[in-house]
Amino acid sequence: MAGLHALANPAKFVRLTDALIPWCAGLAALAIAAGLYLGLIEAPADYQQGETVRIMFVHVPSAWLALGLYTGMALASASGLIWRHPVADLLAKAMAPIGAGFTLIALITGSLWGKPMWGAWWVWDARLTSVLVLFFLYLGYMAIWQAYDDPTRGARAAAILALVGFINVPIVKFSVDWWNTLHQPASVVKAGGPAIHPSILTPLLIMALGFFAFAALVVMIRAQGEIAERRLSALRLAEARSETP
Amino acid sequence: MSEFFAMGGYAGFVWSAYGATALVMVGLLIWSWRSRKAAEAALQQLEEARRGP
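Protein chains in written order, with the numbering used here: chain A, 1 to 245; chain B, 1 to 53.
Just chain B, same shape as in the assembly:
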């Protein structure tokens, strides 16, 4: 197992590359998800207010 994590002495390079990739991809997903949610919530609120009394 420790051999797997050591990556033949290149652990720092290999794991940093995978870590940076995961960070950017997860960041893009969360950011996109949240901005869609915010826009849809604001839209729904405005549409309800327009339909209002």
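Looking at chain A on its own, in the form it has when it is part of the complex:
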């Protein structure tokens, strides 16, 4: 826990992320390159879905990140509310657009996969609808930050939305079990282990590793930007106060 609390210090956070950024960038580049090669060239076409199965290698990691980043955002928001760590709030703020981006990728690639396999770009089944709700939760979270002039109050309101909206995360995850969905049930993260052949599972997991490293990289860059932004507005406020008699 002491390690986590040290991260509440912005200078320490910047130093740590400065050290991590090149490693994440290298890992992301290598794993995504390997994932593209294995997924597009080495992996066989599916016997039922043909070549469209290759959409899975970008669709599934994006969907995992859509949920993972929301979970991270909710955890950071909770620690921001509990311990009042400004870095936790800024970290949550930094995660939101990245999570929204990966949710959008999951929706677009899912649509491009649904059309040839289901015959429809979109259906209002529980999985698709709950992921659309996830996308709007990200947008709402970002809009709240924009709506407040006082960043402390904005952070608080946004954190409350992030926590209330977290209820949607298990709904997305278990929607395919709780309701009859056109979307297929889980085939990797499930009891009894993955139900996918290694020739498809390996590229999927390598691509997911690359996407996770990429997301970590961009979140750290954004968080550093947010810290600089916060310091900038604090300094400007101090200037304005010293100028007015």
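Worth flagging that the hints you see were computed from the coordinates, not collected in a lab.
Beta carbons: idealized from backbone N, C-alpha and C, even for Gly.
Certain hints may be false.
[What the hints assert, rightly or not] Between beta-carbon pairs, the in silico distance windows are:
1. B/R34 <-> A/W23: 19 to 25 angstroms
2. A/Y148 <-> B/F4: 47 to 53 angstroms
3. A/K115 <-> B/W33: 29 to 35 angstroms
4. A/Y37 <-> B/W33: 22 to 28 angstroms
5. B/A11 <-> A/D18: 38 to 44 angstroms
[Stated by the list, open to error] Partial chain A-side listing against chain B, Cβ under 7 angstroms, derived:
6. T52
7. R54
8. I221
9. R222
10. L232
With chain A held as given, fit chain B onto it using these hints.
Just chain B, lined up with the frame of chain A:
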């Protein structure tokens, strides 16, 4: 090679999916990089002005 690009007749779907993914990811990276750079530049300028004469 053309067989690879044809993707068994699903080229439009497969390549659009990969293209959209790349577009969003590269867009997020560039946007985040630029906003950090802008904030750091403005901060540096302000700090230098404060230290000033």
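What are the numbers of the hints that this structure violates, sorted from low to high? Nothing - there is no hint that the structure violates, so all of them hold.
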